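Peer 1: Chain residues, written in single-letter form:
Protein chains: 2
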Amino acid sequence: MIIAVDAAGGDYAPKEVVKGAAAAVEEYGVDVALVGRRAPLEMLTRRYEVEQGFTIVEATEVIGCNEPPVQAVRNKPDSSIVVGTKLVRDGLASAFISAGNTGAVVGAAFLNLARIEGVQRPALCGVFPIDASNTALLIDVGANVDCRPEFLVQFAQLGDFFAKSVLGIEAPRVGLLNGSDERIEANLLAKESYELLEKTDLNFIGSVGGQDILMGKADVIVTDGFTGNVVLKTIEGLGDIFQNLMSPEQAIKISTDLRGTALVHYSQLACMVERMDYKEYGGACLLGIDGNIIVAHGRSQAKAIKNAIRLAHRAAQTGVVKVIKEGMQ
Amino acid sequence: MIIAVDAAGGDYAPKEVVKGAAAAVEEYGVDVALVGRRAPLEMLTRRYEVEQGFTIVEATEVIGCNEPPVQAVRNKPDSSIVVGTKLVRDGLASAFISAGNTGAVVGAAFLNLARIEGVQRPALCGVFPIDASNTALLIDVGANVDCRPEFLVQFAQLGDFFAKSVLGIEAPRVGLLNGSDERIEANLLAKESYELLEKTDLNFIGSVGGQDILMGKADVIVTDGFTGNVVLKTIEGLGDIFQNLMSPEQAIKISTDLRGTALVHYSQLACMVERMDYKEYGGACLLGIDGNIIVAHGRSQAKAIKNAIRLAHRAAQTGVVKVIKEGMQ
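Listed in order, the protein sequences are those of chains H and R. This note's numbering numbers the first residue of the first sequence as 38 and each following residue consecutively. This note's numbering numbers the first residue of the second sequence as 38 and each following residue consecutively.
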C-alpha cells in the first residue's frame, strides 16, 4: 500500500515530513510516495537512510499557506497538493496527506476526486484522541462554514461510518454540539438539526457542550464547519499554551525525581499535555469524496506526520470510502 | 455599595455562596445582600461569623438550572433570580450576581431592567484572565444565539466600553473570532461583520482564531452567542480536565520537593491550570442593559463567587453602565 505525502506542505517541510514518513515506513510497513521537489527530497531520504519503501513524485510548485485556495489550486497544477490528490484519483496512491494550506487541499480534492453519490457536502472530520482506547470525532472542522440542517445530518452519517469502519466502534454515540446545560437556547441551525437527527437511525444521544468534547461523552460530535474550526483551534491553542509551559521532556525529568501519588498525577498530566498536542494528532479526514485525503496541522512535525500516515493507512485498509459509498446509497 | 448575590443559584449554593460573599466583604469592603430563603442563610452567616456587612433579602422560590428560562421567570416571581434583578432595578443594589440558570438570569434582566437606548441586543461578555495584568473579553457568550452582522458590531462596541471602563485599557484591540490562518473561509456572518467592523472607529485588528483567545492577541473578541458559548464551555471543559489531573494543592506539594528550572516551569503550569479554572473566573457580564448583572459559572465555589463580587464591584465603581449609555447615544 502506497501513501502519498505532501513533502512541501506545512511549517516544517520537507525535513520533518521526511523524518515522519521514514518512521512510518519502518513502524507500519507502508510504502510512502513523497510529493515535492526531487533534489532536496533525495538528499533527505539519503540522510535518514530510508531509501527503502520510498518513491519520490516530483511536484515543482508549492502552494503557500496564506494563498487564496481556489486560485492557487487553479494556477499551480504542478503543486504538491494538486499532484498528490491526482495520485489518489488515478489509483496510484491509497491516500494523500498534507500539512499544507487546508483550503487548497480541500479545493484540490473537490476538483480532482468525485463526490460520493448521495453526499451533498463532503466534510472534514477532526480526530481527537481521548485516551489509549478512545477517540472523539468532530465533524465538520472547516470544509463547510455555512450549513443547512440536512448537511449536519450527513456529517453525522459520515462520522458514523468513519467511527464504525476506521475506529471499530459498534454503535457510535452521535452528539450535536450545542449550548451546554440546556440553559442556553440552541441557535436555529442546531434546533432544526436536532429534530432531524432524532429521526435518523443513528445512535443520537442529544446535545453535547464544548466541555464534553474531550470527555468522551460522544464518539461523533456534529457541528457546522465554522464552529468546528473555531473549537479545533481553541483546543490546539490551549495545547500550545500547556506545551510552552511544560515540555514532555521536563515532565519525564520531574517524574523520575518523584515517588507516589504525585508522580501518578503528574504523569497523567504529562500524557494529557502530550495528547492535546497537535504533534500527536491523527489529523482530519475529508469524508464524502472518492479517496482518502488527510489534512494534518500546519505545524506538524515528524510525529504528527507519522500518526497521520497511520490514520491514512487505517482508513485505506478498512475501506472507509467503500463503506460510505455503500451506506449512502 | 451593596452587591446582591443569588444565594440559591448554582451547584454549591447556598454554602459556597455565603463563604465567597463573606470573603468578599472582608477583602473588598463591600456590603452584600444575600438573596434566598432566610432561615438557612441566617444559620450560615452565623456559622461563618459574618453578620457584619450582610443583609438577607428573602426570596422563597428557586429556579432550577434545567428549567425552561422564560417560563420559570414568569412563573416564579419570588425566585432569587427575579428578586435579585429587581433589587438592581429599584436602585437597592449596585449589581446582582447569580451562578444559577443563565437563561433565567438573562431573561429576568431583560424583563426587569431597561435596555440602554441604542443597544439592539444586550450581550454576555465573558471575562478570561490571561495573566496578572491582562484579561481577554469574549462577547457574546450566549445571550444571542442567532445574530446579524450589526449585532456583532454592537457587541464590539459594548466590549470596547467595558474594556476601557472596567479594565482600564486605553485603546482595546478588537478582534473578530474567525477561521484561523485565513486558510478556512469565514462564514457569511463573519464576512459581513468583518466589513462593518472595518468601518468603525474601534481599534479593529482583524480576525483572530480560537487559538488566539487565551494568548492575549486581542482584548475584545467578538462572536455570535452560539459560537461564543461553545468556545467558553470548551475552555471550561479543558480546565476541568486539567484540574482533575492536578489540583493546585498537589502542584504546591510537588513544587516544594523540587529545585531549579523544573520548579519554575511547574509553578507556571500550576498557575495556568488555576487560571483556567472557573473558580478563578470573574464570570460574564450582561452588557447593554441599565444595571450590572453578572453570571457566574454554575459550578462556582467560594472563590468564584468572591471574584464575581470583585468584578461586580469594579463594574459598579467605574460606572460602566453610564459609560455605555453615553457612548451609545
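Calculated directly from the structure, the hints in this document are not laboratory data. Computed from a prediction, not measured in an experiment: that's the story for all the values here. Careful: at least some of the hints might be erroneous.
Here are the computed lysine to aspartate or glutamate pairs in the DMTMM-like style, where the Cα-Cα straight-line distance is at most 20 Å [to be verified]:
{"#": "1", "chain 1": "R", "residue 1": "Lys228", "chain 2": "H", "residue 2": "Asp183"}
{"#": "2", "chain 1": "H", "residue 1": "Lys228", "chain 2": "R", "residue 2": "Asp238"}
{"#": "3", "chain 1": "R", "residue 1": "Lys254", "chain 2": "H", "residue 2": "Asp183"}
{"#": "4", "chain 1": "R", "residue 1": "Lys362", "chain 2": "R", "residue 2": "Asp238"}
{"#": "5", "chain 1": "R", "residue 1": "Lys340", "chain 2": "R", "residue 2": "Glu64"}
{"#": "6", "chain 1": "R", "residue 1": "Lys254", "chain 2": "R", "residue 2": "Asp238"}
{"#": "7", "chain 1": "H", "residue 1": "Lys228", "chain 2": "R", "residue 2": "Asp183"}
{"#": "8", "chain 1": "R", "residue 1": "Lys228", "chain 2": "H", "residue 2": "Glu104"}
{"#": "9", "chain 1": "R", "residue 1": "Lys236", "chain 2": "R", "residue 2": "Asp249"}
{"#": "10", "chain 1": "H", "residue 1": "Lys254", "chain 2": "R", "residue 2": "Asp327"}
{"#": "11", "chain 1": "H", "residue 1": "Lys228", "chain 2": "H", "residue 2": "Asp183"}
{"#": "12", "chain 1": "R", "residue 1": "Lys340", "chain 2": "R", "residue 2": "Glu104"}
{"#": "13", "chain 1": "R", "residue 1": "Lys340", "chain 2": "R", "residue 2": "Glu98"}
{"#": "14", "chain 1": "R", "residue 1": "Lys52", "chain 2": "R", "residue 2": "Glu98"}
{"#": "15", "chain 1": "H", "residue 1": "Lys52", "chain 2": "H", "residue 2": "Glu79"}
Heads up, incomplete: computed chain R residues facing chain H, CB under 8 Å, no partners named [what the hints assert, rightly or not]:
{"#": "16", "residue": "Arg185"}
{"#": "17", "residue": "Val267"}
{"#": "18", "residue": "Val268"}
{"#": "19", "residue": "Thr271"}
Note that CB positions come from ideal geometry on N, CA and C, so glycine has one too.
Peer 1: Evaluate each hint against the coordinates.
Peer 2: Consistency of the hints with the structure:
With a C-alpha separation of about 11 Å, the suggested pair Lys228(R) and Asp183(H) falls inside the 20 Å cut-off, and the hint holds. Only pairs whose Cα atoms come within 20 Å are accepted, and Lys228(H) paired with Asp238(R) is rejected, the gap being roughly 36 Å. For the hint pairing Lys254(R) with Asp183(H), the CA-to-CA distance comes to about 26 Å; that exceeds 20 Å, so the pair is violated. With a CA separation close to 18 Å, the supplied pair Lys362(R) and Asp238(R) stays within the 20 Å bound.
Annotation: proposed proximity of Lys340(R) to Glu64(R) holds, straight-line Cα distance about 12 Å (limit 20 Å). For the given pair, Lys254(R) sits about 19 Å from Asp238(R) by alpha-carbon distance, which is consistent with the 20 Å threshold. Taken as a hint, the Lys228(H) and Asp183(R) pair is honoured in the structure, with Cα atoms around 11 Å apart against an allowance of 20 Å. Taking the CA atoms of Lys228(R) and Glu104(H), the gap is near 18 Å; set against the 20 Å cutoff, the hint holds.
Restraint check: the Cα-Cα separation between Lys236(R) and Asp249(R) comes to about 23 Å, which exceeds 20 Å; the hinted pair is violated. The straight-line distance between the Cα atoms of Lys254(H) and Asp327(R) is roughly 40 Å, outside the 20 Å bound, and the hint therefore fails. At most 20 Å may separate the alpha-carbon atoms for a hinted pair to count; Lys228(H) and Asp183(H) meet this at roughly 15 Å. Note on Lys340(R) and Glu104(R): the hinted pairing is violated, with a Cα-Cα distance of about 26 Å set against a maximum of 20 Å.
For the given pair, Lys340(R) sits about 25 Å from Glu98(R) by alpha-carbon distance, which is inconsistent with the 20 Å threshold. Distance restraint check for Lys52(R) and Glu98(R): the Cα-Cα separation of roughly 17 Å lies within the 20 Å cut-off, and the hinted pair is therefore satisfied. Distance check on the hinted pair: Lys52(H) and Glu79(H) sit about 11 Å apart at the alpha-carbon level, within 20 Å; holds. Interface hint at Arg185(R): violated, since its Cβ lies 12 Å from the closest Cβ of chain H, which is beyond the 8 Å cut-off.
Taking 8 Å as the C-beta cut-off, the interface hint given for Val267(R) holds, the closest approach to chain H being about 4 Å. This hint holds: Val268(R) has a C-beta 5 Å from the nearest C-beta of chain H, less than the 8 Å allowed. With 8 Å as the threshold, the beta carbon of Thr271(R) comes within range of chain H, its nearest partner Cβ sitting at about 3 Å, so the hint holds.
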